[in-house]
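Chains A and B are the protein sequences, given in the same order. Residues in the first sequence are numbered consecutively from 1, following the numbering used here. Residues in the second sequence are numbered consecutively from 1, following the numbering used here.
Hints were generated in silico from the structure; no laboratory data involved. Any given hint could turn out to be false.
The following label-pair restraints were derived from C-beta to C-beta distances [unchecked claim]: (1) A/Lys-81 with B/Asn-158: 28 to 36 Å; (2) B/Glu-22 with A/Thr-169: 20 to 28 Å; (3) B/Thr-195 with A/Glu-167: 57 to 65 Å; (4) A/Leu-142 with B/Ala-203: 28 to 36 Å.
Owing to the predicted nature of the structure, the values given are computational and were not obtained by experimental measurement. Glycine included, each C-beta is placed from N, C-alpha and C at the ideal position.
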Amino acid sequence: MRPTKLIDEVQFQLIIDRLAHELIENHRDFSNSVILGLQPRGIYLAHRIEAKLKEIAPKTDIRCGDLDVTFFRDDFRRREKPLNPNATKIDFIIEDQRVILVDDVLYTGRTIRSGLDAMLSYGRPRSVELLVMIDRRFSRELPIEPKYVGRAVDSIEGQRVNVQWKEVTGKDLVELHTTL
Amino acid sequence: MTEQLSVEHLIGIKGLSKPDIELIFRTADEFKAVINRPIKKVPSLRDITVANLFFENSTRTRLSFELAEKRLSADVVNFSASSSSVKKGETLIDTVNNILAMKVDLVVMRHPDPGAALFLSKQVNTRIINAGDGTHEHPTQALLDAYSMRERLGPNFNGRKVAIVGDITHSRVALSNIYCLKTLGAEVMVCGPSTLIPKHIEALGVKVSNSLDEVLNWCDVANMLRIQLERQGGDQDVAFFPSIREYSAQYGLTLEKLNSLEKEIVVMHPGPINRGVEITSEVADSDQAIILDQVENGLAVRMAVLYLLASQIERN
Numbered sequence: 001m002r003p004t005k006l007i008d009e010v011q012f013q014l015i016i017d018r019l020a021h022e023l024i025e026n027h028r029d030f031s032n033s034v035i036l037g038l039q040p041r042g043i044y045l046a047h048r049i050e051a052k053l054k055e056i057a058p059k060t061d062i063r064c065g066d067l068d069v070t071f072f073r074d075d076f077r078r079r080e081k082p083l084n085p086n087a088t089k090i091d092f093i094i095e096d097q098r099v100i101l102v103d104d105v106l107y108t109g110r111t112i113r114s115g116l117d118a119m120l121s122y123g124r125p126r127s128v129e130l131l132v133m134i135d136r137r138f139s140r141e142l143p144i145e146p147k148y149v150g151r152a153v154d155s156i157e158g159q160r161v162n163v164q165w166k167e168v169t170g171k172d173l174v175e176l177h178t179t180l
Numbered sequence: 001m002t003e004q005l006s007v008e009h010l011i012g013i014k015g016l017s018k019p020d021i022e023l024i025f026r027t028a029d030e031f032k033a034v035i036n037r038p039i040k041k042v043p044s045l046r047d048i049t050v051a052n053l054f055f056e057n058s059t060r061t062r063l064s065f066e067l068a069e070k071r072l073s074a075d076v077v078n079f080s081a082s083s084s085s086v087k088k089g090e091t092l093i094d095t096v097n098n099i100l101a102m103k104v105d106l107v108v109m110r111h112p113d114p115g116a117a118l119f120l121s122k123q124v125n126t127r128i129i130n131a132g133d134g135t136h137e138h139p140t141q142a143l144l145d146a147y148s149m150r151e152r153l154g155p156n157f158n159g160r161k162v163a164i165v166g167d168i169t170h171s172r173v174a175l176s177n178i179y180c181l182k183t184l185g186a187e188v189m190v191c192g193p194s195t196l197i198p199k200h201i202e203a204l205g206v207k208v209s210n211s212l213d214e215v216l217n218w219c220d221v222a223n224m225l226r227i228q229l230e231r232q233g234g235d236q237d238v239a240f241f242p243s244i245r246e247y248s249a250q251y252g253l254t255l256e257k258l259n260s261l262e263k264e265i266v267v268m269h270p271g272p273i274n275r276g277v278e279i280t281s282e283v284a285d286s287d288q289a290i291i292l293d294q295v296e297n298g299l300a301v302r303m304a305v306l307y308l309l310a311s312q313i314e315r316n
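The shape of chain A in the complex, shown without the other chains (with noise of 0.2 Å):
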């Protein structure tokens, strides 16, 4: 079947600009918040965000870094293909600090919980968010849920969901593959 499109070029960068607005509305300066984008695919979106913010209020002084999550994983040695690292980029400390943790796609939650327990390695911050592009309800395996949603999508099993960086493929697109 061929893919159906849930986000077209507009929209996403719509969307991109709300997250930011809704970030400012409850961080304003960001003087005690940092962005963690998770490794591989979060970050884009990460930056994206931080970018935009920057636009905004060019004043303020947005921290924001990668995490990987590959070491802190539940399922090594579960899966066919080994993981391998993604580089971690992270110079300032979160001790104390409101994260707000980002990735592309919220599926099963296993990797923010792995997000989660790679963030303590830098400190315990007084507060944690969770933003994320698509928002895959009724498929969570963990009680973690996200507080800034790009979009919801209600999918079933064997379907996918595609999110497409300008960095990465030259275009900004969400697509929902579905497999029968």
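Starting from the structure of chain A, add chain B where the hints point.
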């Protein structure tokens, strides 16, 4: 880019491909970041048990492996020959099978006999990491040496000139380094008195010289090996060189020799150092020496090897 090692055991560098070594380096990059964080531990190997079997003395390698295992959250058991049933006449296979009966997933072994790790890998059902087998190989040392060079001089080894100076005959570090550097594309020259250079070593594709000055002027990196006093003849009463003083005068690296060179070279030493024999204190403590970086990198590289081998172990 390869995602998995082509081997089940790390017996030696011989048998590793260039993509294997590059995968280990890439993985070690991330572990180096981990060990420099405020919290240095990750939970990856929390359901893996590792036995460190040391049939020969070691401080640095053993400590480095044990710390690497603990940083990965593995359970660790230690064994040393001096305080074990080996003294009571138990064979190697029996010793290891007894330990494996306690459900150990991975074995790190150092042994005085060349080939012990390979032999064991064929006899028992577990993954083996060779931490040095006699005068044969010491693969993790070669990996951490090359990793340290890569960190200092960049990832491209093509045309890089590396000198290995000292007792080449008795050195497992030299052999593993030669395999590793040749696989990565570097040029290697070995240097030492003729008595300490094995015959036909040119067959491995290395150059040979008996002059330290010639070698120093040629190389980008000088890896100064320790003179292994415990392997110099011993009971056969054979001396490979007239005296320590004469060796030191001819093959010891001094600050004067280093400063007389036109370019700045990187100085390495696998430790433990005999200060004033193969390398003087001023050189060992100079900015050109990366001896302590090697130790730090050893931890990251061993974590990478343990992680990659453990990822192949199937869960029951």
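Checklist entry - Of the hints given before, which are not true for this structure? => result 4
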